[in-house]
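*Asks:* Sequence:
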Amino acid sequence: MTTPMPPTDASGDASGTARPSPARAWGARHRRALGLAGAAVAAAMAVLWTLVVPEEAATATGVQQLALRWGHAATWALLAVVGALVALDAAPRLRSALAWASLACYAAFLLALRL
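Numbering (my numbering), first residue to last: 1 to 115.
Because the hints were derived from the structure by calculation, they are not lab data.
Keep in mind that this is a model prediction, so the values were computed, not measured.
No residue lacks a Cβ here, since even glycine has one placed at the ideal position from N, Cα and C.
Some clues are possibly wrong.
[Said to hold, decoys possible] Label-pair restraints from in silico Cβ distances:
#  : residue 1 : residue 2 : range
1  : 50        : 89        : 26 to 32 angstroms
2  : 23        : 92        : 16 to 22 angstroms
3  : 33        : 111       : 33 to 39 angstroms
4  : 32        : 56        : 36 to 42 angstroms
5  : 29        : 103       : 26 to 32 angstroms
6  : 30        : 114       : 35 to 41 angstroms
7  : 89        : 17        : 16 to 22 angstroms
8  : 61        : 26        : 32 to 38 angstroms
9  : 88        : 56        : 35 to 41 angstroms
10 : 59        : 22        : 49 to 55 angstroms
11 : 97        : 54        : 23 to 29 angstroms
Kindly produce the complete structure, drawing on both the sequences and the hints.
*Replies:* This is the structure we're talking about:
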């Protein structure tokens with residue numbers, strides 16, 4: 001009869017706690033700098049897309065015009081907030097909600113471009 005082996009994680013550690021990958025550990029150590037850098041880049045993109053407006057926005061009306069004029073800038077502005085929240089170690093649920101809102105803004109922008 002064989003003796004059952006203790007459960008192990010992917011690294012072969014039988015302690016029950018998985019060690020993060022080196023890349024994940026590096027990201028966790030540099031979370032504040034990465035979040036601030038991402039926020040700065042995203043904020044710059046938000047300013048850029050506030051100034052650069054697609055040609056289609058001039059002829060669009062209503063919700064389509066709103067999505068074309070502000071959708072791309074709102075996407076980047078929300079991503080800038082997400083970066084700042086990462087740097088501040090805010091609640092993951094809040095960060096995730098804003099990231100999904102950013103994706104929704106971008107989807108609306110792309111849909112408005114196609115119409």
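*Asks:* Would you mind marking each hint as holding or not holding in the structure?
*Replies:* Hints versus structure:
no.: 1; hint: 50 to 89: 26 to 32 angstroms; in the structure: 29 angstroms, holds
no.: 2; hint: 23 to 92: 16 to 22 angstroms; in the structure: 19 angstroms, holds
no.: 3; hint: 33 to 111: 33 to 39 angstroms; in the structure: 35 angstroms, holds
no.: 4; hint: 32 to 56: 36 to 42 angstroms; in the structure: 39 angstroms, holds
no.: 5; hint: 29 to 103: 26 to 32 angstroms; in the structure: 28 angstroms, holds
no.: 6; hint: 30 to 114: 35 to 41 angstroms; in the structure: 39 angstroms, holds
no.: 7; hint: 89 to 17: 16 to 22 angstroms; in the structure: 21 angstroms, holds
no.: 8; hint: 61 to 26: 32 to 38 angstroms; in the structure: 49 angstroms, violated
no.: 9; hint: 88 to 56: 35 to 41 angstroms; in the structure: 37 angstroms, holds
no.: 10; hint: 59 to 22: 49 to 55 angstroms; in the structure: 52 angstroms, holds
no.: 11; hint: 97 to 54: 23 to 29 angstroms; in the structure: 27 angstroms, holds
In terms of the numbered hints stated before, the structure departs from hint 8 and from no other.
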